[in-house]
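Enquirer: For reference, the chains in residue letters:
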Amino acid sequence: MAGFLVRAIAQRIGLLFVVSVIAFAVVHLAPGEPSQVDPMNPRMKPQDIARIRAAFHLDEPLYAQYAYWLRDLASGELRSFQTGEPVLERIWDRFQNSVPLFLVEIVVIWTFAFPVGIRAALARGSAYDRGSTFLAYVLISVPGYVVAYLAILWVVNTFQLPVIGMRTFGLESASELRQVMDRVWHLAIPALIAALGGIAVLSRYVRSQMLEVVAQDYVRTARAKGLPEDRVIYRHALRNALLPFVTLFGFLIPGLIGGSVIVEQLFAWPGLGRLGYDAILARDFPLILTINFFAAALTLAGTFLSDLLYAVVDPRIRLG
Amino acid sequence: MAAAPAPELAPSVSLKGEVWRHLRRDRLAVAGLVVLALLFVTALLGKLLTEWVVVFDPTLVRLPEKLLPPLAGARAELLPEGQLPALGFYLLGTDDLGRDVFARMLQGSFVSLSIGFVAVSIELAIGLLLGGLAGFYGGRVDALIMRFTDVMLCFPTFFLILTVVALLPPSIWNIMIVIGATSWMGTCRFVRAELMALREQDFVRAARALGLSDARVIFRHMIPNAIAPVLVSATIAVASAILTESALSYLGFGVQPPNASWGNILSDGRTFLFDAPWLFAIPGGAILLVVLAFNLVGEGLRDALNPRLRRGR
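Residue numbers (this note's numbering), protein chains in the order written: chain B, 1 to 320; chain C, 1 to 313.
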């Protein structure tokens, strides 16, 4: 077990290094530089550009730039090209905003997807199955922001609820309860809307997984020995159907950054996805690279976690 | 042999015939196939009528005619000579610059479809090549390729696509290449696993014993035996490439004007959601319909290929 842990972690650190080198190469070899973001600005003189390039080591060879980046990242000294603020601090701030949105979204997805998928699988071919299947396909097939736009219009017009940003501006003097509720609404609506697509995808997956398991011999055996149907479904079938979802945990985590760009853009939510988007627009290399690094580290942590969980829930697997 | 097959034996059916028999019973998948057939015709017509023989000009700006609803007649007295739309009216209305939305949708159908297909072809090429090599040779080649696959799986895909597309000069080709180059990992892993299982089969031994080159054994003998499920997921991958392009368009990094894609028509249209809802509904509906069709056909094929999920036996 200890050997497994050491090897798994060492291997992941190696992967992380390669990921960061590739990301660095992609970002630096692509044309376009931070000093060219505003070429029409008459106040940008050639000597200013030279000064900027020198300050950010842009004139040195790539491997030296990479070494600078790694050194600064490790010492926490890495600063954004655009604002000069420490990169880690900005990422940490935005991370704290992204996490609640992400968690609520995940909880909503998993709470709704499982009952929907299980029921569809058990009542295969029924009106419920066909209806939910078709609805799921529609939600999967429409660009996410179209659904979000329509949902925002509906929510705002019907319930008069605020949806943009993390809180309503100018509520600072309102009562404590009012402020908390304002925060809750601002969190709940984007999370619900963002979860729609996820529910569609996951419920399809739950359905097909359940269908496979229900056809297995051990389910027939359980029925044959006269167990009540609920016990057959929830103890014998569902528990086995759940296994692959453990691996899904690992792949959920990168969604925290990649999947959140559009949602956060839609709702003006000051999270990591938007930070990354703004960094890309500004060609803020240190910020782009560090967000990417952070995302890769989260992914690796996620797969590590799901490997461990797999060993816990599936007694056939021995880590070693 | 004219004799009828013995009654107790099932008639022999090829895999294709078997799959088609199952697919035909899936009404949604058949509907999807019909939509896709129409789409191919539309896309070819779109290329023909908007670029080769310009009947519908998607770039012509008619400012006096802006934001007209679908089926609105063109007002000839407001337009300079020769700018009258080919039909005399605007089938799908006009946008904020007075461009004919029908012409733009026609042009966009070819652009959106080719993004889907080229991106997926790139994905398949990389996935089959790397998966084929890893599965056939095993050992160090396999270890190296699988480590590289692991590395690619660590990237936050959409963020990586966004970064590359934003840093490179805007072009349709870059979008296709980037989408393809960041989505081959699933194919690669699948092909590798299949080939590892096939490697010990007799027909592969026979092919090798005949002295065929490795490339021929891999790509002519082994991969055709593993390709069906890969093509099924490719169908669905086309759908997701079209969606990715529309997401990129939303963020301003999709196909750039004056080229039209369904994604950027939709993205431009969202500003006029209240004044000209058709600018949002038409491309949105078209994307929904086409992506839905790809997904339904893909899922239908997957069910038809999966003997465990078949019904009615």
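Honestly, the hints are just simulated from the structure, not real lab data. Errors might be hidden in some of the hints.
Chain B is nowhere near these chain C residues, computed Cβ spacing over 10 Å in every case [to be verified]:
| no. | residue |
| --- | --- |
| 1 | W20 |
| 2 | L49 |
| 3 | E81 |
| 4 | D150 |
| 5 | V151 |
| 6 | F159 |
| 7 | L167 |
| 8 | R205 |
| 9 | P257 |
| 10 | G284 |
Coverage of chain B stretches by chain C, computed from C-beta distances (three or more under 8 Å per stretch; other residues unrestricted) [what the hints assert, rightly or not]:
| no. | segment |
| --- | --- |
| 11 | 91 to 98 |
| 12 | 155 to 168 |
| 13 | 175 to 182 |
| 14 | 277 to 289 |
For clarity, every value in this text was computed on a predicted model and none was experimentally measured. Every residue gets a Cβ at the ideal spot worked out from N, C-alpha and C, and that includes glycine.
Enquirer: Against the structure shown, which of the earlier numbered hints fail to hold, in ascending order?
Expert: The structure breaks hints 4, 5, 6, 7, 10, 11, 12 and 13; every other hint is satisfied.
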